[in-house]
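2 protein chains.
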Amino acid sequence: MTSPTLAATAPVHLPADHPLVDGRTSTSPLVRALRGDRPATTPVWFMRQAGRSLPEYREVRQGVGMIESCLMPHLAAEITLQPVRRHRVDAAIFFSDIVVPLRLAGVDVDIKAGVGPVMDRPYRTADDVARLVERGLTEEALAPITDAVRRTVAGLDELSGARAPSGAREPDNSPEGSTTPLIGFGGAPFTLAAYLVEGRPSRDHLAARTLMHADPETWARLTAWTADLTGAFLRAQVLAGASAVQLFDSWAGSLSLADYQAHVAPSSMRALTHVADLRVPGSDTGVPGIHFGTGTAHLLPAMRNVLTNAGITHPTVGVDYRTPLDEAAAAVGRMPLQGNVDPALLGAPWPVLEAHVRDVVARGAGAPGHVVNLGHGVPPDTDPTVLTRVVELVHSL
Amino acid sequence: MTSPTLAATAPVHLPADHPLVDGRTSTSPLVRALRGDRPATTPVWFMRQAGRSLPEYREVRQGVGMIESCLMPHLAAEITLQPVRRHRVDAAIFFSDIVVPLRLAGVDVDIKAGVGPVMDRPYRTADDVARLVERGLTEEALAPITDAVRRTVAGLDELSGARAPSGAREPDNSPEGSTTPLIGFGGAPFTLAAYLVEGRPSRDHLAARTLMHADPETWARLTAWTADLTGAFLRAQVLAGASAVQLFDSWAGSLSLADYQAHVAPSSMRALTHVADLRVPGSDTGVPGIHFGTGTAHLLPAMRNVLTNAGITHPTVGVDYRTPLDEAAAAVGRMPLQGNVDPALLGAPWPVLEAHVRDVVARGAGAPGHVVNLGHGVPPDTDPTVLTRVVELVHSL
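In order, the protein sequence lines correspond to chains A and B. Read in this note's numbering, the first sequence has 319 at position 319, and its numbers run on one by one without any break. Read in this note's numbering, the second sequence has 1256 at position 256, and its numbers run on one by one without any break.
Hint data in this document are derived by calculation from the structure and do not stem from the laboratory. Be aware that one or more of the hints could be misleading.
For the chain B half of the interface with chain A, some residues (derived, Cβ under 7 angstroms), not all of them [said to hold, decoys possible]:
no.	residue
1	1126
2	1206
3	1210
4	1213
5	1214
6	1256
7	1295
8	1298
9	1322
10	1344
11	1345
12	1347
13	1348
14	1352
15	1389
Heads up, the beta-carbon is just placed ideally off N, CA and C, and yes, glycines get one too.
This is chain A alone, in the form it adopts within the complex (with noise of 0.2 angstroms):
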């Protein structure tokens, strides 16, 4: 496979037609705010808004396993494509799952309803990862991400009319001429190798913490080979069309700090550069970059200097529900935010859940640009209408 794209190598341009190069997509909200702009509307999406809560997924989803229907183009990309359908959110989030990588890579794991990915086995021994750094991603094996991604953003194209072959143009939240950017998702590699080395989901992620203490250059090993897996896979969904990217870290939140720094911050950063080189022809503008993971008010600043130091021109921070933003903002420095609306406000009363929207967006007003989204993602069994009279709130304010 190939090693990482260093941020100090020379750019690499984005395709002609990519949505970034011609257009399409740069007076979005959403990149305006990754820019570190305010657009005239507030941008807002909704991490896990292609998923259960919508019923027009439950219905393309039955008989489909999870991890088949991420590897489906045209369904990948009709589920991305549903909530922006539905709820006129000014983003795309690529629909798929964070152990994609893996099985694209040859990796025996499976997702169990009720339980989460399961892997053939635990890997957790330096025989047991040099046998899987053998392994990496191609082209070919990509295929089916780089396809999902090219129907979505024609999908997205003919949604905002930008280029619907009948000039048919449904009243989404793009300028007039421009299209709802995609986001391109990838997990984390110290999540990846947390799922790998316990071989299924844990609540603590002892063993993965144990590894990297015990045999810490299997655990660096183990982790720069989940980097470059999700690097690649980010970087092909960006040169199909994504207009950001977005590295979630699951499990960050069960580090402390120091661990953090030592052991998990050098493979973020390294996922990162896979993408960091990618600039519109002719400019300093690269792709932007956001950066999220749940109970990391320790961790804000250190996630930061990932994005920073891996070369992303437009960093974002993601933070969750349990920091107001005026306080991230002020752990993080001038950087554009992204979040956090508390998911378990979605259930509660409209009039609590307007004022708890309309606290978040108050205390984002200080960052240089900021992005309306959940603190975590979207409950499974959240009214989908909840979502859409969110969407019209924050677009209102």
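Since the structure of chain A is already known, use the hints to place chain B on it.
Chain B alone, transformed into the frame defined by chain A:
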């Protein structure tokens, strides 16, 4: 049921034969450290030291359900004593489960292997809660707890030789004539309420966190009730001979500081007021109280305030493995600390673990008292000889 004892009410004397009164535990390293002193050896015990890591525990638990074992006084006492015998730790922690007070109050709860506590159904409406609060903890219901604590304290006396009929003394860590103290154990009102609202363990406690916003009055009523249950449970343990208490909030870390302060701190304080009025006769010395939760880096000062506002005369904050003790001391101010060896390091080679334990002890040196513990419970697959070696190391420093 009784209303909570307010800190301002007249003090109640501990019984004359209580270990804190007749001096059996007053000179122990644990009680001295919890009182802000620096005994010659730093005391050490482990959360979940009584449990699955010990073969002698697995032996006596054969064929006995978890809650059932907590309610069989001879068995609960034996299990509580096992780690003191084996590891020579400086404290026994009363073997129980967070949901035992619910069972004693007549709630239909069971602990399912591999799942955790499961209620007959979720309790989340105003009506559900109105019916719950009619139940209480009678002295009769608490009899198995009182009995188990008495047996445990007698067993600890015997182990230490303090009151052994034969005068025979095993070489534990208690100063001559003293006995190893027992710490009473109770789950915090939020954790109990979250189990009730969810009906089972959950990752984010969404339903509970929704209820506190959607219907704050019902939430307050529910948590006042769980506070009184846990408070009565702790008080019974102290009156029967426990020399300190630990209030354990498994899930406080899932909350923002604002939610913790508005919706959780009041009931945690209420729980602790049930033991805050108890006094060593003829003194202002109350029962030391430890408050611990995981993922609480952002909550440590608020948890300190819970202890002091409840009127605990000798408060100690327990710190999870994510926050170094010198940072915790800076956040909490002059108060003894308990913690915080990372349980993940118990599986690392001894030199790595030893360096970590030495670091924990060094970082705790700035606190007025330090009780060494883990930063979370003993993992079930821990090699018990490693725990014994940690005790020996801490005692040698």
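Right, here's what the structure says about each hint:
Taking 7 angstroms as the C-beta contact cut-off toward chain A, the hint placing residue 1126/B at the interface is violated, the least distance being around 14 angstroms. With its C-beta approaching chain A no nearer than about 5 angstroms, residue 1206/B sits inside the 7 angstroms limit, and its interface hint holds. The interface hint given for residue 1210/B is met, as the beta carbon of that residue sits about 4 angstroms from the closest beta carbon of chain A, less than 7 angstroms. The beta carbon of residue 1213/B is positioned within 7 angstroms of a beta carbon in chain A (closest approach about 5 angstroms), and the interface hint is therefore held.
For residue 1214/B, the suggested interface contact is upheld, since its CB lies about 4 angstroms from the closest CB of chain A, less than 7 angstroms. The closest approach between the C-beta of residue 1256/B and any C-beta of chain A is roughly 5 angstroms, which is under the 7 angstroms cut-off, so the hint is satisfied. The beta carbon of residue 1295/B comes within 6 angstroms of a beta carbon in chain A, closer than 7 angstroms, and the hint placing it at the interface holds. Against a cut-off of 7 angstroms between C-beta atoms, the interface hint on residue 1298/B holds, since the closest Cβ of chain A lies about 5 angstroms away.
This hint holds: residue 1322/B has a C-beta 5 angstroms from the nearest C-beta of chain A, less than the 7 angstroms allowed. About 4 angstroms separates the beta-carbon of residue 1344/B from the nearest beta-carbon of chain A, less than 7 angstroms, and the hint is met. For residue 1345/B, the interface hint holds, since its Cβ comes within 7 angstroms of a Cβ in chain A; the closest pair sits about 6 angstroms apart. The beta carbon of residue 1347/B comes within 4 angstroms of a beta carbon in chain A, closer than 7 angstroms, and the hint placing it at the interface holds.
Interface restraint check for residue 1348/B: the shortest CB-CB distance to chain A comes to about 4 angstroms, inside 7 angstroms, so the restraint holds. Interface hint at residue 1352/B: satisfied, since its Cβ lies 5 angstroms from the closest Cβ of chain A, which is below the 7 angstroms cut-off. With its C-beta approaching chain A no nearer than about 16 angstroms, residue 1389/B sits outside the 7 angstroms limit, and its interface hint is violated.
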